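Colleague: Below, each chain spelled out in residue letters.
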Amino acid sequence: RKEVEQDPGPFNVPEGATVAFNCTYSNSASQSFFWYRQDCRKEPKLLMSVYSSGNEDGRFTAQLNRASQYISLLIRDSKLSDSATYLCVVTSGTYKYIFGTGTRLKVLA
Amino acid sequence: DGGITQSPKYLFRKEGQNVTLSCEQNLNHDAMYWYRQDPGQGLRLIYYSQIVNDFQKGDIAEGYSVSREKKESFPLTVTSAQKNPTAFYLCASIEGTGWNTEAFFGQGTRLTVV
Numbered sequence: 004r005k006e007v008e009q010d011p012g013p014f015n016v017p018e019g020a021t022v023a024f025n026c027t028y029s030n031s032a033s034q035s036f037f038w039y040r041q042d043c044r045k046e047p048k049l050l051m052s053v054y055s056s057g058n059e060d061g062r063f064t065a066q067l068n069r070a071s072q073y074i075s076l077l078i079r080d081s082k083l084s085d086s087a088t089y090l091c092v093v094t095s096g097t098y099k100y101i102f103g104t105g106t107r108l109k110v111l112a
Numbered sequence: 015d016g017g018i019t020q021s022p023k024y025l026f027r028k029e030g031q032n033v034t035l036s037c038e039q040n041l042n043h044d045a046m047y048w049y050r051q052d053p054g055q056g057l058r059l060i061y062y063s064q065i066v067n068d069f070q071k072g073d074i075a076e077g078y079s080v081s082r083e084k085k086e087s088f089p090l091t092v093t094s095a096q097k098n099p100t101a102f103y104l105c106a107s108i109e110g111t112g113w114n115t116e117a118f119f120g121q122g123t124r125l126t127v128v
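Residue numbers (the numbering used here), protein chains in the order written: chain X, 4 to 112; chain S, 15 to 128.
No lab work stands behind these hints, which were simulated from the structure alone. These numbers come from a predicted model, not from an experiment. The C-beta atom is built at its ideal place from N, Cα and C for all residues, glycine as well. Incorrect hints may appear among the rest.
With a Cα cut of at most 25 Å, we get these calculated BS3-like pairs of lysine-lysine [as the list claims (entries may be wrong)]:
no., chain 1, residue 1, chain 2, residue 2
1, X, K99, X, K45
2, S, K85, X, K99
3, S, K85, X, K48
Residues on chain X that point at chain S, a partial pick, calculated with CB under 10 Å [unchecked claim]:
no., residue
4, E6
5, F37
6, P47
7, K48
8, Y98
9, K99
10, F102
All chains, full assembly: derive it from the sequences and hints.
Modeller: Laid out in structure tokens, this is it:
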């Protein structure tokens with residue numbers, strides 16, 4: 004089983020839609036969680052950290068469920084500019100920063 | 015400006031050759047990482063280093079080697095033992111303990127075997 008798993012998509016949604024991605028992780032001792040955004044042929048950039056109590060940043064909401072070992076990302080009121088690949092990251096052990104396979108999102112006009 | 019610099023941006027290698035990808039950071043970060051990304055795939059961890067003169071294998075270390083002689087530098091050598099080296103290689107660094115901190119990436123090196 005992979006340490007971090009995501010549905011690869013693609014998710015094709017109309018502008019204004021709400022879309023949610025999940026990411027599961029296998030190591031119950033994982034301590035930190037993040038969502039990154041990667042545009043085509045570019046390096047990933049941090050979208051948001053995921054805190055135990057859940058957190059929101061504008062149209063983006065991140066949740067952590069330790070009991071079921073998954074994190075989620077909710078995007079409300081999707082924009083064309085949200086089209087990208089979303090990667091979840093889990094830290095495991097000492098300094099091990101593990102990326103999921105990424106979920107592709109395409110927002111359609 | 016602080017950041018991570020990877021070079022070259024594009025690299026072509028003949029089969030059987032070793033090549034070295036450069037990664038330099040001036041962020042004073044302790045931890046550095048090398049990832050490989052194949053088309054339509056996520057990032058897979060090759061090697062990482064928490065501190066100078068120390069590094070650990072990631073999930074796909076076979077056919078690769080690294081060194082960490084200076085805090086700022088973490089070069090990756092793709093050896094002839096790596097059977098399918100064509101990929102996008104990304105270097106990253108993280109400050110401090112690595113917990114709950116952002117990873118900063120270089121712009122990547124696209125390696126093609128010809």
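Colleague: Indicate, hint by hint, whether the structure satisfies it.
Modeller: Each hint, compared with the structure:
no. : hint          : result
1   : X:K99 / X:K45 : holds (22 Å)
2   : S:K85 / X:K99 : holds (18 Å)
3   : S:K85 / X:K48 : holds (22 Å)
4   : E6            : holds (8 Å)
5   : F37           : holds (8 Å)
6   : P47           : holds (6 Å)
7   : K48           : holds (7 Å)
8   : Y98           : holds (4 Å)
9   : K99           : holds (7 Å)
10  : F102          : holds (4 Å)
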